[in-house]
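Go ahead and model the full structure; you've got the sequences and the hints to work with.
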Amino acid sequence: GQQVMQIPQYQHVQEGEDFTTYCNSSTTLSNIQWYKQRPGGHPVFLIQLVKSGEVKKQKRLTFQFGEAKKNSSLHITATQTTDVGTYFCAGHWAKMRFGAGTRLTVKP
Amino acid sequence: DAGITQSPRYKITETGRQVTLMCHQTWSHSYMFWYRQDLGHGLRLIYYSAAADITDKGEVPDGYVVSRSKTENFPLTLESATRSQTSVYFCASRTDGGTEAFFGQGTRLTVV
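Sequences listed follow chains A and B, in order.
Under our numbering, residues 34 to 141 are what the first sequence spells out, in order.
Under our numbering, residues 83 to 194 are what the second sequence spells out, in order.
Do not take every clue at face value.
Stated by the list, open to error - Going by beta-carbon spacing under 7 Å, a handful of chain A positions derived as facing chain B:
1. Tyr43
2. Phe78
3. Gly134
Since the hints were made in silico from the structure, they are not lab data.
As the structure is a computational prediction, the values presented were derived from the model and not from experiment.
C-beta: ideal position from N, C-alpha, C; glycine also.
Have a look at this one:
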């Protein structure tokens, strides 16, 4: 079946350190989306990647879509305490399937 | 109010009871989804709907029933609640173009 796997499950960093989460799909994706969920909140859309090899940036966040459209990554440069939360990737087929998420904690 | 709203926000029910979680969106989005969120499992899809009167199973549909008689509403019913259905439930909606999904605030359900 269509599955999305995400690693690591948890990541604890010192403020200012970089952070990366990886997402892998069992099948080729039409697109991939990334969401952020703050503690106690609901998932909020960050970005969508559609093209093979696509790279998009949002300030300190860099999103990549693999050449084969089966993997993706989110990299945060110089983390801040406001980056705390769980980051999810979602593979888009008709059913939107989420990875298990990476929970990021940041020590000031 | 505009947006997507879930009710109730919190619910405690007893094992064996039927309970319905409500989801309402004001955007006329075609697609609506129900997810449950449990520690270590992320967001697991229960059911989704591509349009009114069209629903389909997700990853974990057993024990749940959905209906969608109107575009704006997508209720989720637990026919006979079990403790394993204790979870946070999120409803989401999006347009028919594979664009971003908008999530409700979630319903925290506890089955005792």
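Hints, verified against the model:
1. Tyr43: Status violated, d = 10 Å.
2. Phe78: holds (4 Å)
3. Gly134: holds (5 Å)
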